[in-house]
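Whenever a hint applies, use it, and build me the whole structure from the sequences.
From first to last, the protein sequence lines stand for chains A and B.
Under this note's numbering, the residues of the first sequence are numbered 1 to 288, in order.
Under this note's numbering, the residues of the second sequence are numbered 1001 to 1240, in order.
Honestly, the hints are just simulated from the structure, not real lab data.
Idealized CB from N, CA, C, for every residue including glycine.
There may be inaccurate statements among the hints.
Footprint (simulated), chain B over chain A, 3 or more residues, beta carbon under 8 Å [said to hold, decoys possible]:
#: 1; stretch: 165-171
#: 2; stretch: 175-181
According to the in silico footprint, chain A covers these stretches of chain B (three or more CB under 8 Å from chain A) [to be verified]:
#: 3; stretch: 1024-1032
#: 4; stretch: 1046-1055
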Amino acid sequence: MMDTVIATLISGLLLGSLYAMMASGLSLVWTTLGVFNFSHGALMMLGAFVAWTVGEGAGLGVWIGSFSGIAAAMVAGVIIEYFLVRPFYGSRNMLLVTVMTTLAAMIIIEKGAQIIWGSRLKQSPRLFEGDISIGGAIISRQEAFIIVLAPLVLFAIWRFATVTATGRSLRAVGQNQDAAALIGINVNRAFSIAFALSAGLAGLTGVLLGSIRFITPSLGAEPLTKAMIVVIFGGLGSMGATAGAAYVIGFLEAFLILWLGLYWTPFILFVVMITVLILRPNGLFGRK
Amino acid sequence: MSAFLDVENLHAGYGTVPVLRGVSIRLDQGESIGLFGPNGHGKTTLLRCISGLLPSSQGTIRFDGVEITKTRPSDIVAQGLVHAQQGNTLFGDMGVAETLALSAFVPRARKTSTETLEYVYELFPRLAERRKQLAKTLSGGERQMLSIGCALMCNPRLLILDEPTLGLSPKLKQELCDATAKIAARGIPLIIVEQDVDFLLTLTDRLYLIDHGTVEREIAADNAPDHAEIVKMYFGAEDA
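Structure below.
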């Protein structure tokens, strides 16, 4: 019994770690541009495929592969921002239009991946081989690495946003574009940086996910819905709230799977999200 | 002598609604000027055009001999032309100290940021007391101080102040007038928009009356009309 609980806790921690990295990328773009990037999951998948192709296919090894995957996602993110989001800044229906254009980007990347890589299952090599045992539960070293890495990544993003001039400028642009421009911040460049960083986070999450699950063109679709639940659940905008919500959802999902099974879990998660939004419209940790 | 700032025949508006219909103003080297006139006749729109926030449909703007009509706002700030907006919440969820630190963003501002920060806190001791406070929790007067403080952090060669005393209590208004006088005394040329013409006359060399989207009248400060006449200008009794 104790083993099962520990295993479930670790599983929740792993899910929470992945969701936190994904959701913080989504939230970065949302807070800076006011755009919800539906292609975020597809960027994850792209990162995973490129990491596999470079690392495994071209035989350049897991490290070069991983960094290539992250870089590819960043480049794709900047391209999406430039061609599919930037033309609509200042348009009255920007939020709605960019929902459509980023959805289009998602479809293009997913179908493109299917043509390029086919639908045969692939798995990236791991940075760390072997298993470790924690309190009787056994997980792979790669999974343990993800659990340790996620808080470090979140901490780095938080430090970037609060301490560096570039990070602060992104927050300033998110809060008041005119005022940001009037102290000399190039608003368009801030948008590009936000998109690149967010896509880089998507790529990193994809590379990690691709090492513990099979890579398919729809790799990012299911985690994206979870990450959206996390971002909304946590209260749009705040970094700490998003990270907190990611772990809450991760643990909740792990225990729901244990108690109710895989079938009912997504349903219950959505019910929980809707209930939270009815009771606390600004999200679980949201402030007014 | 070429003008420090030269705005020629500027037209601009929002959508299809024209607001500026051929405004020309100039500011010579070492001068400060004032703009006044009724609300809703283009003063703020003119400032938004000068700082690059709003594109103009016709006309040119030159700053220190360089045309900036189509330059983006961040590059205009980098050249030292800085616009302090009316006291709104700059970045609501940022603290006072963080906002000021961020405002020294362009290269020419970074070089002087330590000294400027000291100067801003000396000019507005209230900001120094509220370093950690979030901008959205500041009072109207404090927001105005922060707005001017941020503009100063940009290390301006020409500073535009849009109604620094708008909607403030008489005591706070006096505080901001004094601060504006100190900034002028420091040798920073100013463009000040204000309704209080007497205050403008103490700080500037020339005034422009902006009405119906054009310059209705140019007034030299040493040859200023008296109060009654200015009231007449406002309400249009003179030409009616």
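Please flag the earlier hints that this structure goes against, numbers listed from lowest up.
3
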